[in-house]
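Position chain G against the provided structure of chain C, taking the given hints into account.
Note that the protein sequences, when read in sequence, are chains C and G. Read in my numbering, the first sequence has 118 at position 118, and its numbers run on one by one without any break. Read in my numbering, the second sequence has 1050 at position 50, and its numbers run on one by one without any break.
Don't read these hints as lab results, they were simulated from the structure. If you're wondering where the values come from, they're calculated on a predicted model, not measured in any experiment. Just to be clear, a hint being listed does not mean it is correct.
Heads up, simulated DSS-like pairs for lysine-lysine below, C-alpha to C-alpha not over 30 angstroms straight-line [what the hints assert, rightly or not]:
no.: 1; chain 1: G; residue 1: K1152; chain 2: G; residue 2: K1059
no.: 2; chain 1: G; residue 1: K1059; chain 2: C; residue 2: K91
no.: 3; chain 1: C; residue 1: K267; chain 2: C; residue 2: K127
no.: 4; chain 1: G; residue 1: K1002; chain 2: G; residue 2: K1024
no.: 5; chain 1: C; residue 1: K16; chain 2: G; residue 2: K1052
no.: 6; chain 1: C; residue 1: K32; chain 2: G; residue 2: K1004
no.: 7; chain 1: C; residue 1: K267; chain 2: C; residue 2: K149
no.: 8; chain 1: C; residue 1: K149; chain 2: C; residue 2: K204
no.: 9; chain 1: C; residue 1: K16; chain 2: C; residue 2: K91
no.: 10; chain 1: G; residue 1: K1052; chain 2: C; residue 2: K187
no.: 11; chain 1: G; residue 1: K1257; chain 2: G; residue 2: K1093
no.: 12; chain 1: G; residue 1: K1029; chain 2: C; residue 2: K91
no.: 13; chain 1: C; residue 1: K204; chain 2: C; residue 2: K91
no.: 14; chain 1: C; residue 1: K102; chain 2: G; residue 2: K1004
no.: 15; chain 1: C; residue 1: K149; chain 2: G; residue 2: K1257
no.: 16; chain 1: G; residue 1: K1004; chain 2: C; residue 2: K61
no.: 17; chain 1: C; residue 1: K234; chain 2: C; residue 2: K32
no.: 18; chain 1: C; residue 1: K61; chain 2: C; residue 2: K32
no.: 19; chain 1: G; residue 1: K1004; chain 2: C; residue 2: K91
no.: 20; chain 1: C; residue 1: K91; chain 2: G; residue 2: K1102
no.: 21; chain 1: G; residue 1: K1257; chain 2: G; residue 2: K1052
no.: 22; chain 1: G; residue 1: K1052; chain 2: G; residue 2: K1029
no.: 23; chain 1: C; residue 1: K204; chain 2: C; residue 2: K127
no.: 24; chain 1: C; residue 1: K16; chain 2: G; residue 2: K1214
no.: 25; chain 1: C; residue 1: K91; chain 2: C; residue 2: K187
no.: 26; chain 1: C; residue 1: K91; chain 2: G; residue 2: K1052
no.: 27; chain 1: C; residue 1: K102; chain 2: G; residue 2: K1002
no.: 28; chain 1: C; residue 1: K16; chain 2: C; residue 2: K187
no.: 29; chain 1: G; residue 1: K1152; chain 2: G; residue 2: K1004
no.: 30; chain 1: C; residue 1: K16; chain 2: G; residue 2: K1004
no.: 31; chain 1: C; residue 1: K91; chain 2: C; residue 2: K32
no.: 32; chain 1: G; residue 1: K1257; chain 2: C; residue 2: K16
no.: 33; chain 1: G; residue 1: K1102; chain 2: G; residue 2: K1168
no.: 34; chain 1: C; residue 1: K123; chain 2: C; residue 2: K102
no.: 35; chain 1: C; residue 1: K127; chain 2: C; residue 2: K146
no.: 36; chain 1: C; residue 1: K32; chain 2: C; residue 2: K123
no.: 37; chain 1: G; residue 1: K1029; chain 2: C; residue 2: K149
Part of the chain G face toward chain C, derived, beta carbon under 10 angstroms [as the list claims (entries may be wrong)]:
no.: 38; residue: F1263
no.: 39; residue: L1266
no.: 40; residue: Q1269
Note that CB positions come from ideal geometry on N, CA and C, so glycine has one too.
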Amino acid sequence: MNEAQIEPFYFGEPDKSLFGIYHAPSSHNCRKSGIVLCYPIGQEYIRSHRSFFQLALRLSKNGFHVLRFDYYGTGDSNGTCEEGGIEHWIKDIDAAIGELRKIAHLDQLHLVGCRIGATLAIKAAVKRSNAVDSLVLWSPIINGLKYHKELVHLHEGHVNSYVENEPNKGITQCEILGFQYSESLVKDLRAINLIDLCNKLFLKNLLIIENKNAKKSDTLMEAFGGFCENLEHKIIPSPDVWIKDGNLNKGMVPLPIIQYVVSQLSKLSE
Amino acid sequence: MKEKAVLFGRNRSIVGIISTSESKSNNGKLPSVILLNAGMLHRVGPNRLNVKIARALVKNGLMVLRFDFSGLGDTATRQDTLSFEEGNVQELKDAMDFLGSKSFIIIGICSGGRVAWETANMDSRIAGIIFVESMYIRTFYYHINRMLNLQKWYRLLSGQSYMWHLLKQQVLNILNKPSLENLSASTGLVDLGSSLPGTDSYRLTGKELRSSAKCGIQLLFVYRDGNETRYNYKIKRSDEKIIALELPENIDVEFVKEADHTFTLLSSQYLLLNIIDNWFRHRIYR
Chain C
1 MNEAQIEPFY
11 FGEPDKSLFG
21 IYHAPSSHNC
31 RKSGIVLCYP
41 IGQEYIRSHR
51 SFFQLALRLS
61 KNGFHVLRFD
71 YYGTGDSNGT
81 CEEGGIEHWI
91 KDIDAAIGEL
101 RKIAHLDQLH
111 LVGCRIGATL
121 AIKAAVKRSN
131 AVDSLVLWSP
141 IINGLKYHKE
151 LVHLHEGHVN
161 SYVENEPNKG
171 ITQCEILGFQ
181 YSESLVKDLR
191 AINLIDLCNK
201 LFLKNLLIIE
211 NKNAKKSDTL
221 MEAFGGFCEN
231 LEHKIIPSPD
241 VWIKDGNLNK
251 GMVPLPIIQY
261 VVSQLSKLSE
Chain G
1001 MKEKAVLFGR
1011 NRSIVGIIST
1021 SESKSNNGKL
1031 PSVILLNAGM
1041 LHRVGPNRLN
1051 VKIARALVKN
1061 GLMVLRFDFS
1071 GLGDTATRQD
1081 TLSFEEGNVQ
1091 ELKDAMDFLG
1101 SKSFIIIGIC
1111 SGGRVAWETA
1121 NMDSRIAGII
1131 FVESMYIRTF
1141 YYHINRMLNL
1151 QKWYRLLSGQ
1161 SYMWHLLKQQ
1171 VLNILNKPSL
1181 ENLSASTGLV
1191 DLGSSLPGTD
1201 SYRLTGKELR
1211 SSAKCGIQLL
1221 FVYRDGNETR
1231 YNYKIKRSDE
1241 KIIALELPEN
1251 IDVEFVKEAD
1261 HTFTLLSSQY
1271 LLLNIIDNWF
1281 RHRIYR
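Isolated chain G, as found in the complex:
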């Protein structure tokens, strides 16, 4: 395995690491892989997971890039007028341009998955996304669960709900008569500046998923076990394993036992790496 430090993007300000195999080459037949920042953590990822994932994938001949979005890790903040979210999408496109491959698999832990999804909506080079503890699907059961969630009611009534924040932003924008450019093109949400988006932008609708199936994008969702009710998939338990049912052809869902949001336990990291490896064997190396 060989790793090389690179600078790319506008003003060569984005810092990244390209991992390649010295012994295996896929002659451009396989997509390249890009790993994104998880939340505010730098490109090595929570518990160095991005490094572990990159090095595991390189063994199969893939080229893997991990990099820092502007304002995170080793990359300086952007000096232009793009919002943090718009900047993220632009920089993922910059990363794909820089690598020059025909197609890409994007891996996003937490907020990284949201950036991957938004970029895939406007860039056909993305052939697959692995969401790790990231986007989740809104179903009928999701609304029922929300209605019965006392904590949600408390947050709503005490003014802590993200909805109030959005409402406040909308009112401020109406008062300030914002230009359309200030609105995020993909979600219609108000530009929140450098703050991370709220949980609402991590939801996918069935329509969006069907649309991804039409485009042939392969999607893998990985969640921690024990938190499955939050995601509201139709599931069954078999030998203590959770299995997601009735999924569209292009979608896989896996649950990792005894994991937390950042896969602190080494045993959960091992399971996550296995799930990713199996998915590549099943969906990509075919």
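If we strip away everything but chain C, and leave its shape as in the complex, we get:
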């Protein structure tokens, strides 16, 4: 551990090991609460990475044990992107929860997921029904088909903006903004419907945060309402940090969202 109280390490099966970073709680207000952060994937992962660093830093300063990690085939973890898949990544979240419980004795466990990471977090919570106390869904993917179409459209627009000689070169359902997805992953992504997951979920607290002109989804609130003791849906105007914009190398961190997540989880863990 260093001065910043972080420890990078690999965990899991040796040939499929995952890269994780543990943020230890600051000593003066250590809680028995742990948080596993679930990144988005692909280009969205690259662009939101620093936001997760900042979120983890602030959560640990507020006394939480925090673990963020790369799914198999993403970031610094073993494997290639084509080898990744929804079921594999849900198991990875499960492994990360187990790893955090090995590091710290926890009374509470929370999951925070962004974009597809939010969907994976719900699926992991369904799998470990009694192990997860709270879920924070940050701009979750509600409709996988729409999400995939948006990604393909972004990819198409970007590639056609500079490839002049061969229109639609590299435009497929599986090549998306610099990453190769497998056909089975694309199929699974397109099949995502968040509403279908709600009746499988029983947990104390669910916080949904959306950050850009999103209307409060009554359907989502109704769907989850019966299965959570405390449900909150918050709109916080802030840039979509995961979307490529003109400022290619700008690392954006949406502080209002990060501060809100930290304050809400701190309240829930009092």
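Same frame as chain C, now just chain G:
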């Protein structure tokens, strides 16, 4: 292949990943490789390119480190008085100290190439640099192109030019009577704090290149095709391929077809990996 997470540098605050081969060892005969941050992106690189490059090189027995400079990725910001640029150079030296190899090849995409170049000017352990969409060479044609570029004129006249920014900094520094320590030792540019340097610090002069040849540093420049006029090399097109001509002995230049700045298309990533692999075979494994 084996990968290990490491902490090094002052206060062990720099986060990195060392990749090594479990089956091949070069017994210290080959240089180690260090991959640097591209712009503000963390150490995995744009489209995970740094990871792909590292894992490809490890297959040939090389030891490869990728890490985050302070303030980027998983590494916290520096708490001392060094500027972002000075901190980058210091941390690349820290990385070389940490690995302990005799010589190094540094790979820098975009801004990473600039850090590699500045460090090589003051640290002889750097035996080679691969610049990917990074430094470019200023020639006579470069000035002509600039003179004829309407966008440049618009930026100059509307006050958006980087030159105005530099001028403003110079005036402010004169008014504040800055110490010499505030000036970047290698470029003479004013310390810009944590902001990334402007395009002016990505240019190399012929004199600088000749000096690198004298030191025996091997340099590979990789650019996207379609943007070659910006770099002003003497080139020729052959079978739709661009070939750079009349290069000094220690320099190679390659162009990647249908690539953008971050090699979004998988086909362009494949070509880039091939170019890097071929360069190592031609220049390093000999």
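Do the hints match the structure? See the list:
1. G:K1152 with G:K1059: Given that 30 angstroms is the threshold and the Cα spacing comes to 45 angstroms, the pair is violated.
2. G:K1059 with C:K91: holds, 29 angstroms
3. C:K267 with C:K127: holds, 26 angstroms
4. G:K1002 with G:K1024: holds, 11 angstroms
5. C:K16 with G:K1052: It holds: about 16 angstroms lies between the C-alpha atoms, which stays within 30 angstroms.
6. C:K32 with G:K1004: Measuring from Cα to Cα gives roughly 29 angstroms; hence the hint holds.
7. C:K267 with C:K149: Status violated; Cα separation ~38 angstroms.
8. C:K149 with C:K204: Distance ~33 angstroms between K149 of chain C and K204 of chain C Cα, so the pair is violated.
9. C:K16 with C:K91: Between K16 of chain C and K91 of chain C the Cα gap is close to 12 angstroms, so the pair holds against 30 angstroms.
10. G:K1052 with C:K187: holds, 25 angstroms
11. G:K1257 with G:K1093: violated, 34 angstroms
12. G:K1029 with C:K91: Violated. K1029 of chain G to K91 of chain C sits at ~41 angstroms, over the 30 angstroms cutoff.
13. C:K204 with C:K91: Holds: K204 of chain C and K91 of chain C sit about 22 angstroms apart, inside 30 angstroms.
14. C:K102 with G:K1004: At roughly 20 angstroms apart (the allowed maximum being 30 angstroms), K1004 of chain G and K102 of chain C satisfy the hint.
15. C:K149 with G:K1257: holds, 27 angstroms
16. G:K1004 with C:K61: Distance ~26 angstroms between K1004 of chain G and K61 of chain C Cα, so the pair holds.
17. C:K234 with C:K32: holds, 26 angstroms
18. C:K61 with C:K32: With a Cα-Cα distance of about 14 angstroms, the restraint between K61 of chain C and K32 of chain C holds, given a limit of 30 angstroms.
19. G:K1004 with C:K91: Given pair K1004 of chain G, K91 of chain C holds - Cα atoms ~22 angstroms apart, limit 30 angstroms.
20. C:K91 with G:K1102: Violated - the C-alpha atoms of K1102 of chain G and K91 of chain C are around 42 angstroms apart, more than 30 angstroms.
21. G:K1257 with G:K1052: Holds, at about 19 angstroms.
22. G:K1052 with G:K1029: At roughly 23 angstroms apart (the allowed maximum being 30 angstroms), K1029 of chain G and K1052 of chain G satisfy the hint.
23. C:K204 with C:K127: Holds, at about 15 angstroms.
24. C:K16 with G:K1214: Roughly 46 angstroms between the alpha carbons, so the hint for K16 of chain C and K1214 of chain G is violated.
25. C:K91 with C:K187: Holds, at about 18 angstroms.
26. C:K91 with G:K1052: Between K91 of chain C and K1052 of chain G the Cα gap is close to 24 angstroms, so the pair holds against 30 angstroms.
27. C:K102 with G:K1002: It holds: about 23 angstroms lies between the C-alpha atoms, which stays within 30 angstroms.
28. C:K16 with C:K187: Cα-Cα ~23 angstroms, so holds.
29. G:K1152 with G:K1004: violated, 46 angstroms
30. C:K16 with G:K1004: holds, 13 angstroms
31. C:K91 with C:K32: holds, 24 angstroms
32. G:K1257 with C:K16: violated, 34 angstroms
33. G:K1102 with G:K1168: Cα-Cα ~42 angstroms, so violated.
34. C:K123 with C:K102: holds, 22 angstroms
35. C:K127 with C:K146: Within the cut-off at roughly 25 angstroms; holds.
36. C:K32 with C:K123: Holds, at roughly 24 angstroms.
37. G:K1029 with C:K149: Judged against 30 angstroms, a Cα distance of about 50 angstroms means the pair is violated.
38. F1263: F1263 of chain G check passes; min Cβ-Cβ to chain C is 7 angstroms, inside 10 angstroms.
39. L1266: holds, 6 angstroms
40. Q1269: Since chain C brings a Cβ to about 8 angstroms from Q1269 of chain G, closer than 10 angstroms, the hint holds.
Going down the numbered hints, you'll see the structure goes against 1, 7, 8, 11, 12, 20, 24, 29, 32, 33 and 37, while the others check out.
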